[in-house]
Amino acid sequence: MTVRSIVHDLGGMFSAPGDPSVTAAIGAFLRRLDPAPRLLGFGEPMHGEESFVLLRNQVFRFLVEHEGYRSIAIESSCLKGILVDSFVRGADHRSLDDVMQHGFSHGFGESRANRDLIEWMAEYNRRREPDEQLRFFGFDAPIEMTSADSPRQALTFLDTYLRTHLDEQDLPCTPDRISALIGDDDRWSNPAVAMDPAQAVGATHEAVELRLVADDLMTLLASQAPRLVDEGTRDEVWEAELHGRVATRLLSYHAGMAENSPRRITRLLGIRDTLMADNLSALVQREADRGPTFVFAHNGHLSKGETHWDLAGLHLHWWCAGAHLGLRLGDAYTVIGGAVGEAPGHDIGTPPPDSVEGRLFAVGESCLVPAAPVARRIGDVEKRADPSGNSTYFPLDPAGLGELDAILFVRRLDDAGT
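Residue numbers (the working numbering): 1 to 418.
Don't read these hints as lab results, they were simulated from the structure. Heads up, some of the hints might be wrong.
[To be verified] Here are the simulated distance ranges between beta carbons:
no.	residue 1	residue 2	range
1	261	205	19 to 29 Å
2	317	176	40 to 50 Å
3	191	8	21 to 31 Å
Where is the CB? At the ideal position from N, CA and C, for every residue including glycine.
Let's have the full structure, built from the sequences with the hints guiding it.
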């Protein structure tokens, strides 16, 4: 069986993103899965290409209208995403421009396709009861490429929530003590720490005490959860748990930034992806009674194996969020990895014939195909090594095809996105 015959018999072809054949192929793929996933991932091979974000929008709309999906999570700050979710549900009345500016991290609020998604979700929800409304979630840590947020927002939210509902004597310290331990927020978000661990504050006595405070607050929240749900709502407790997760992982991240070792960057990447997995696991549990969740991020976060990244002369490898999710959710987690043949706008030329992309390129059309039969029949191929003008571009790794459930291959991207 050739790759072409696998696509013909088990997959589906389409001419370009936007073609209705894309969602027809997605639907056929999902119908072959037993059990149906509770979390469906769609990975992009690089950031900065609007075509994949538009494809995501097309697929999500299909999933909502035909497969019962009621929520989407994207690779953006989980704390900033709360604003976007409030907006699409009609609970926040600020302008769309303001939501796009303040509701996304990594510059993703500048994406026209992301704006289109939020507009569509808000319009969809206007005609729906709350239980049927679509929900939006960020699932990433409040971390940028060269810096990480202060723990103030997360810790203050959790402490305030517990202080409002429980006896103050049960809390580990006062709000003033937390604020004093945090100090100047700029110390935490200092971008110079990325290159100089000596400037990090994550190993100071104050930071160590904050980690104990965060742990005590989370223990108190967990021990009192039945009472808190009974007196309030599950959503309120869930949001408090989210802030607690962020606080504890963020403090661990800052401690890692203070390390001066060859494993420093790998450790930081692993902490970030662990929080991603924690957030998505909690989201799946929260949405269980409403429907499955669709998640969109870079392939390097969603595949079910170890991620490898060659960056500035370093070979980095860590267990990504998808690896944790595969372990926790089993067959309830399914991931479709995005791939590209040619992308002139990103200086990506015709793929070498002896690469995975080269074999798929030879099919002659863009396609969606199950990954396992391709991995078995693709023959002797190597990881694509031709240059790219996009540093976030990850080609398909022949050795990692088993870490994907399907491949969505776009044969050619004519224009680079923003």
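Evaluated hints:
1. 261 <-> 205: 19 to 29 Å: holds (21 Å)
2. 317 <-> 176: 40 to 50 Å: holds (43 Å)
3. 191 <-> 8: 21 to 31 Å: About 50 Å separates the Cβ atoms of residue 191 and residue 8, which means 21 to 31 Å is violated.
The structure fails hint 3 only (numbered hints given earlier).
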